[in-house]
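J.: Under numbering that gives the first Met the number 0, the first residue of the first sequence is numbered 0, with each subsequent residue one higher.
No wet-lab data here; the hints were simulated from the structure. Glycine included, C-beta positions come from ideal geometry on N, C-alpha and C. Warning: the hint list may mix true and false statements.
[To be verified] Heads up, simulated DSS-like pairs for lysine-lysine below, C-alpha to C-alpha not over 27 Å straight-line:
#1 K369 x K415
#2 K416 x K369
#3 K365 x K418
#4 K415 x K365
#5 K369 x K418
[Unchecked claim] Simulated DEER-style distance windows between Cβ atoms:
#6 P15 x E156: 28 to 38 Å
#7 Q38 x I12: 16 to 26 Å
#8 R10 x K70: 27 to 37 Å
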Amino acid sequence: MPSFQTTPGTRDILPPVASRWRAFVDVFAVVVERAGYEQIVLPMFEDLGVFQRLGDATDVVTKEMYDFVDKGGRHVALRPEQTAGVCRAFVQHHPNVPWKVWYAGPNFRYEKAQQGRYRQFDQVGIEVLGVDDPLLDVEVISLAHGFYRDLGLRNVELHVNSLGDTGDRARYAAALAAYLRSHEVELSEESRATLARNPLRVLDSKRAEDREVVAQAPSIAEFFSPAAGAHFAAVQEGLALLGIDFVVNDRLVRGLDYYRSTTFEFVSTALDAAQTAVGGGGRYDGLVEDLGGEPTPGIGFAIGVDRTLLACDAESVFPALDGAADVFVVDTTGGRTALRLSAQLRGAGLRAERAYGAKSMKSQMKTANKSRAVVAVIIGDDELARGVATVRPMNGGEQSEYPLEAVVATVVDIVKKAK
RNA sequence: GUGGGCGUAGCUCAGCCUGGUUAGAGCGUCAGGUUGUGGCCCUGAAGGCCGGGGGUUCAAGUCCCCUCGCUCACCCCA
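With the hints as constraints, model all of the structure from the sequences given.
T.: What follows is the structure, given as structure tokens:
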């Protein structure tokens, strides 16, 4: 047992998975940058107050925050998500609207870890501030949808709902609480506790004994103001216009208190774990104001990197790949020629590898094979004496000798043809 | 935070119920299989305080307790 191991809920992302993560973010960046979103990089910790705006009835704020007092006496917290930070940055820098940004990076929540849920977990996401157009909601949703499709995922379901405007949500919450209280004896003990804290969340219960009561509960749709109803209708029409399949799920209650109006969640049906939501988002039209800014509409989504990658595994798409070399330089004369040649080959843009230490020809060839190089360049005593190198295609083709100064061009040519 | 399952080689696991000589397998790694050449095949080697601590016993990987970690479910969420 080593003296030190990763702390619970954290882990090392080793090769080749780490490069899969990078590729994941690359695919995401291409999708959203085509739509005009620009990257933003936020601090990983901020003033605790920024995150308290997520809602003091949420577990994220009440018990999962990694907060501490720094040496200057500031009460700060590791970010549990990035939307609040984006809004804080918006208020701090007052950029022109619409402000369209994307981000990627780790967040922190003090939870008990299980598959697809870690204390340090990565998300990619976008946020748009300053626009209250339902067709923007459609665009935002379509970008997430397109990203999943670009990864190769086919079994991702889109669930949409609306929480109405601020007044609708409050009136609904009151009506729902009243209904649930009248059926309190039928609810599970856990849900009774949830009811006292945050009635909307009872709708999320997966416990069998709650199913009947939840099924009969009033729907948010009955409480929509005319404007909220029209907005939601426009979103649904827009999705249909783009040919994006979705289901309206009036029990979809997002976890954070700032959500208003349009909410949505992407669920992988290929995953049989407890955590099947691979991404989600919605409108948060009051959040900027809560953080001290002018009233500003906002919408965005976050996609969980781990869970989405788990879904990719379940569907056997977007695999992790070891990098293959283009060329491997074998040198049994001490290594100086391989050192120089591989530098030249790299300078020509190739991925060139070589063996370290005085290994036998056979050993070096084995390593060359494992590197999956297209071609091996071999320097033995014989070649060294005559100023040449043997160039050997690794697919079984004929090998031949070239003057040292012609090796780079020859190899570049062979690799280009092989690709 | 609550409950169940599991911690044996780098990885996947057998052995534990029915304690008993130097703890095994497959894969991986490394080295060989005659003159300077990979893949397939063959041979060999390295690699384990059997998660940690305590207890029972003549004897513990195996039984008991504690602890740490992982995992699944709940809670919650991405």
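J.: Could one say that the CB atoms of Q38 and I12 fall in the range 16 to 26 Å?
T.: Since Q38 and I12 have Cβ atoms about 20 Å apart, the given range 16 to 26 Å holds.
J.: Measure nothing beyond the straight line between the CA atoms of K369 and K418; if it is 27 Å or shorter, mark the hint as holding.
T.: 18 Å, holds
J.: Is 27 to 37 Å respected by the C-beta to C-beta distance linking R10 and K70?
T.: 29 Å, holds
J.: Within a Cα-Cα threshold of 27 Å, do K416 and K369 meet the stated pairing?
T.: 21 Å, holds
J.: Against the 27 Å threshold, does the CA-CA distance of K365 and K418 hold or violate the hint?
T.: 22 Å, holds
J.: Are K415 and K365 close enough, with their CA atoms no more than 27 Å apart?
T.: 23 Å, holds
J.: Lying within 28 to 38 Å: is that true of the beta-carbon distance P15 to E156?
T.: 30 Å, holds
J.: K369 and K415 were given as a pair; does the straight-line alpha-carbon distance stay at or below 27 Å?
T.: Within the cut-off at roughly 20 Å; holds.
The structure agrees with every numbered hint stated previously.
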